[in-house]
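*Asks:* The residues making up each chain are set out below.
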Amino acid sequence: MRNNNVFSRLARGQLLSLTQEKIVFLLAVLLFAVFSFSLTGFASVDNLLGLLYNVSVLGVLGLAMALVVIGRGIDLSLIATMAISVAWSLTLIRDGVSIEAALLYGMLMALGIGIINGWLIAYAEIPALFCTLAMGTLVYGFGRIALIPVDVVYMPADPGWFGALGQGELFGIPAPVIVFVLLSVVATLVLRYTRFGRYTYYMGDNYQAARITGVPTRPMLVMQYGVTALIGFAAGLVTAASVDSMNTRIVNSTMIYDVILVVVLGGIGLSGGKGGVRNVIVGTLLIGILLNGMTIMNIEYTVQNFIKGAILLAALIFDSLINPRDEQTAQQGDI
Amino acid sequence: MKNKARTLIASAVAVACLSGNALADDKPLAGKTLAFVPTSLGYDLTDGWYNMLKKELEPEGLEIIVRDPNWSTATGAQALVSLISQKPDILMVQNPDVQSYARLLRRAENEGIPVLQINMRSSVETTAFVGADWVGIGKAMAESAVASCGDGSGGSGKISLVQGPLTSASSVYQMQGINEVLEGRDDIRVVSSQAANWDPSQARAITDTVLKQHADLCAVIDFWDGQAVGSAAAIRRQRGGEDVLLITNGGTEQTAACDNIANGTFDKYMTYNVREQSTDIAELVRKILTEDIRPGGERLDRTTAVRVIDADNLRDDSCWKLSDYK
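From first to last, the protein sequence lines are chains A and B.
Heads up: the first sequence begins at 1 in this note's numbering, then just goes up one per residue.
Heads up: the second sequence begins at 336 in this note's numbering, then just goes up one per residue.
One chain only, chain B, in its complex shape:
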């Protein structure tokens, strides 16, 4: 009786193992966990990455967990601490700035968890990075302004900057990129550089006041598409949308970007493609998990190219639609 039971259990275990193996072939990432700490869920970038990754990697057996700190760096750090003790197979982090998570990311890697950083490099190098850099976006915006307003363009050379919060790293780095391009140039004059705190109402108020002061303003550089609709409203109200160039950037989601480029709200839109980034992320996650790349070993790096979208090169597929993934 006892023997019979043993055989039964043994064969059951054997069957379970076999089917488990079969499953593993079919789902190479089965049993693996990816933990994601964004700056906040619920906006085009992070919703894009999250939903695209889910669509791509969950069928391969990967479990994706997400801790949403809703723009709070402190909450994000707490989430990282608890995640490190849970030991996921890979940690994916969108840094709010270069410093805040640096020590925690090093700790995670020291404990053997590979860290993939997206869209914002921390001061600590980790196993992988995917993303555009904000300095590059800032440079591209400034170069676009120089081309349209600087020497030989016929523009007045007067530009206005509408920044995000001064505590926001993405805003600070964009500013750095702009400064690098404008340094030493006499043909471009920054007549106003104000912070609108990612709030379109504040952007509208600032741009409205600046336009009244400078009748010959050539361009407005606004640091985020969600805020730039406010600047656009001020330009439309005072100048009928003509004459003043509006340059901005963002995550290229259809309603936030392409709809606004098509109807003339934005003139130049600097972009990094979230779809491309998600493909890169998925590829690196697969590589790290299947080839068992450990922290301290090979470094993987994918920089996303910055592109300019305007009314001339706008295509039906220039943007991605969040509704396709949700």
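Chain A extracted, bound-state conformation:
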């Protein structure tokens, strides 16, 4: 403990050390500064709130993904779970089921998918990557065949309080941003101060050791994937409320990679056991600033992709130069 004061840390270079999270954060601040000076209207409160609104769903999905990634897993079925469970809820509402009941059914469906994912990974010992990849296709297929008649399901004419989730605001702050902030706070508290949170880190760091020391790893896995699916459902509700519809075609899009990107970019390694909510927020902010600035500049989409890719690669290269992997930091199973 004695060695841990500011001076000794400075001497060891720890205080100045740049983690990936810090690099990405600095990059975000830099871009923010550049856009604020060069783009009229970028730094207005109105535009910044819009910026946050535009990435809040991505942020919420990032939180969901972060939970399983910290536990050294991954959930590729997240978008399918979100789209199909919410689209089914909307279909039920259109068919005359009450809003509350329909949302409850959708939520139970999402939870069910998450629990099955967790069970297959924990007890059948299928690698998370393949299990959730297959589950995503299965859920989408089943949903489109049996539950949802068309690929875009529209909100009913009078969605009541449900609609406020997308269009409403509190003290001028749009509801989706509030949802993201609230979920971030809850996720931080859970990860830091609950047994569930600590166990998740233990499992991500060393699954076998966690198991031997008495962590109930299998029930934990089931819970992790269940909670992830539930957060996904919440993200879907916000999406549906903000665009008055749920478009199931997003399952075929690259959205799942964007979510993984936010998580990895923020500095949560895919090898597990590292990172937290702050990383997700930093990653989300960088993407949000980039997208907003490039839209204002009306940059062509292909060029946007190029710039996005270049900046991400730069962040990763910078990180690997400053924090090189070695035998101590690398883990077996690093992706």
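Wrong hints could be hidden among the right ones.
Said to hold, decoys possible - What the simulated footprint calls covered on chain B by chain A, stretch by stretch (three residues with Cβ under 8 Å from a Cβ of chain A suffice, anywhere in the stretch; the number is not a length):
| no. | region |
| --- | --- |
| 1 | 543-553 |
| 2 | 566-575 |
Stated by the list, open to error - With a straight-line Cα cutoff of 20 Å, these simulated SDA-like cross-link-like pairs (lysine to any residue) come out:
| no. | chain 1 | residue 1 | chain 2 | residue 2 |
| --- | --- | --- | --- | --- |
| 3 | B | K493 | A | N298 |
| 4 | B | K656 | A | I145 |
| 5 | B | K390 | A | P149 |
| 6 | B | K493 | A | T40 |
| 7 | A | K308 | B | P500 |
| 8 | A | K308 | B | L501 |
| 9 | B | K656 | A | D95 |
| 10 | B | K656 | A | L147 |
| 11 | B | K493 | A | G41 |
| 12 | B | K389 | A | P149 |
| 13 | B | K493 | A | E300 |
| 14 | A | K308 | B | T502 |
| 15 | B | K389 | A | I145 |
| 16 | B | K656 | A | R94 |
| 17 | B | K493 | A | I299 |
| 18 | B | K656 | A | R144 |
| 19 | B | K389 | B | L376 |
If you're looking for bench data, these hints aren't it; they were derived computationally from the structure.
Ideal Cβ positions, reconstructed from N, Cα and C, are used throughout, including at glycine.
Following the hints, complete the assembly by docking chain B onto the known chain A.
*Replies:* Frame of chain A, contents of chain B only:
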């Protein structure tokens, strides 16, 4: 004994033939097969064509098989290859773009299978085509924007385009139509042209940002109704749905189109009528199969007219309902 058996069999065959003939009169398309390769089943256009055709032609004895590639051009091409070797009596294809299926369609025709293309022309001409063209839709949307925002309209002339994926042919052709109309015009300024990838959330984010940058934006042209609900949400949130014109297009299904025109979500809706198209398709299929039209012979062509639906000309029967056919 042997003779008796022979007579029995012969008479049985005769009866079977006779009843078969009687059946053929009743069902002129009996024994014929139509194979359908859409871009993907499960959205209003393709579900509309498929279910309407089933309703119309199956009672006449036609067997309809469908191979659903779910938006994958590669899967669609594989489906075509296997269908060509199965030799259906007619092949109905909704091209994802002008090039991808061109060689396969030529091969099918060379092997004697007539090909009917719907809603998207391939670079190869085949026996029949039914459909609207995307360039025409693009033109109609741009003309509508010019009328409401250009010189003499009192509008600012500023418009924003929300495209589909840049790899999607329908989006590219719509863009081409828009460019043809806007070329050389000084009164219209495209302040933003972005791709939203058929995702309403992305359309919402783009339109939201553009509206904040351009307080006097006159119109948003969104390339697909399923995506345009996102643009509409952004307009409603910032402008209460007033002032900014939202122009879009789609397959005119009740919940996707008319409900949204009626409640003010869409201002101008460019449409080709799926019902009309299905009638055209059914007619051409009948003609090809009964008159035995072979590839390389007569070319049949039905272009669907592009219409504009808005709150003023909206009628109860302007749209078709998927639930009536499923």
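*Asks:* Please work out if B:K390 and A:P149 have their alpha carbons no farther apart than 20 Å.
*Replies:* Status holds; Cα separation ~18 Å.
*Asks:* With the threshold set at 20 Å, check whether the alpha-carbon distance from B:K493 to A:E300 stays at or below it.
*Replies:* Since the Cα atoms of B:K493 and A:E300 sit roughly 18 Å apart, the hinted pair holds (cutoff 20 Å).
*Asks:* Could you grab the alpha-carbon distance between B:K493 and A:I299 and see if it respects the 20 Å cut-off?
*Replies:* Holds: B:K493 and A:I299 sit about 17 Å apart, inside 20 Å.
*Asks:* Tell me if the straight-line CA distance from B:K493 to A:G41 falls inside 20 Å.
*Replies:* 17 Å, holds
*Asks:* Could you grab the alpha-carbon distance between B:K389 and B:L376 and see if it respects the 20 Å cut-off?
*Replies:* With a Cα-Cα distance of about 14 Å, the restraint between B:K389 and B:L376 holds, given a limit of 20 Å.
*Asks:* What's the verdict on B:K493 and A:N298, does the C-alpha distance respect the 20 Å limit or exceed it?
*Replies:* 14 Å, holds
*Asks:* What's the verdict on B:K656 and A:I145, does the C-alpha distance respect the 20 Å limit or exceed it?
*Replies:* Holds, at about 19 Å.
*Asks:* For a C-alpha distance cap of 20 Å, please report whether A:K308 and B:P500 respect it.
*Replies:* It holds: about 17 Å lies between the C-alpha atoms, which stays within 20 Å.
*Asks:* Does the structure keep B:K389 and A:P149 at a Cα separation of 20 Å or less?
*Replies:* 17 Å, holds
*Asks:* Just to be careful, I want the Cα atoms of B:K389 and A:I145 compared with a cutoff of 20 Å; is the pair within it?
*Replies:* 18 Å, holds
*Asks:* Within the assertion that chain A covers the region 543-553 of chain B, do at least three residues meet a Cβ-to-Cβ distance smaller than 8 Å?
*Replies:* Holds, because 5 residues of the region 543-553 of chain B bring their Cβ atoms closer than 8 Å to Cβ atoms of chain A.
*Asks:* Within a Cα-Cα threshold of 20 Å, do B:K656 and A:D95 meet the stated pairing?
*Replies:* Status holds; Cα separation ~15 Å.
Checked against the numbered hints given earlier, this structure breaks none of them.
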